[in-house]
Amino acid sequence: MKFLILALSVAVALATSPNLDQKWQMWKENNQRVYEAEEEEYRRFVWEYNYKIVTEHNQRYALGHTSFTMAMNEYADMTSSEFKKKMNGFVMDKVPPEGMNTFTDISNLPTTVDWRKKGWVTGVKNQRQCGSCWAFSATGALEGQTFNKTGKLPSISEQNLVDCARKPSYDCHGCEGGTMNGAFQYVHDNNGIDSESSYPYKAQDRKCHFNPANVVATDKTHVLLPAKNEKALQKAVATIGPISVAIDASHPSFQMYDKGVYNEPQCSQTALDHGVLAVGYGMEEGKDYWLVKNSWGKKWGMKGYIMMSRFKNNQCGIATNASYPLV
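Read left to right, the sequence shown gives residues -15 to -1, 1 to 312 (mature numbering (1 follows the signal peptide of the UniProt record, and there is no 0)).
These are computed hints drawn from the structure, not numbers from a lab.
In this text, a Cβ means the ideal position worked out from N, Cα and C, and glycines have one as well.
Treat the hints with caution; some may be incorrect.
[What the hints assert, rightly or not] Label pairs and their calculated CB-CB ranges: (1) Pro197 <-> Lys152: 12 to 20 Å; (2) Met11 <-> Ser66: 20 to 28 Å; (3) Lys216 <-> Ser66: 33 to 41 Å; (4) Lys187 <-> Ser66: 19 to 27 Å.
Work out the full structure, taking the sequences as your base and the hints as a guide.
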């Protein structure tokens, strides 16, 4: 019944275009979607609603009114609320960290940074429908710092964090969400974290089976950057390496982001729901951006990455809750 009610409400607001039947079928085939009859109707209406959003947005892009495009990606049959619940799992700290009052002079920093080119970043991973973004953000920062220390880039186990970082003080709850700082603290307390190959990702909560023999990274402590300070974040990204950050990723524009410099006027600086990894920064067509690694697979965005507006009033809170480990 809930499918039918929502489908009817969307149908009232959206007239079906004659050519959408074929587009819908192609989208289902490309994304391996098979539905039961009732859900098919519901998903079709959601998909059409999102199709309208994407089409209108890209028309504005063609007119030069926005700096990024959207696409009917594999998440286009989900509402914003569904998407947020299934894909975004950052648990906002009770009090935004103030961190250290350093990293403010950026006058001598390079104009462009991309740690992928230096070998500090593993390939794009996919958290699937598990709210474990926090774990992927944390392992990304640990991987980069471990490479800096050892010269070898490990792929670190997110499942180890999902299953084992369970103390109340960590504020981590597996697929129900968590924090990067809690993940770093777990690795510190646990004297290490296992490799991806020894503890593969399952996208679900399981019993902890950490094995000290498979440790590939450790954490002496972690550092919090000053809240809402993009200059501090830029200096950290330039001089430290990939940095764990939290953002507001609750908007359809992020869900169906395609390419370009992302700028969402409705983004919050404080209502953060998604953990990602800042791996660089630069400028494109006169627009400053942060280069951000996501954990939704290579089909999303720019092969798994997004360029987010830099020095645009702390866009989506990217500098509100930033941190990195010391290994």
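So which hints don't hold here, by number, going up? Every hint satisfied by this model.
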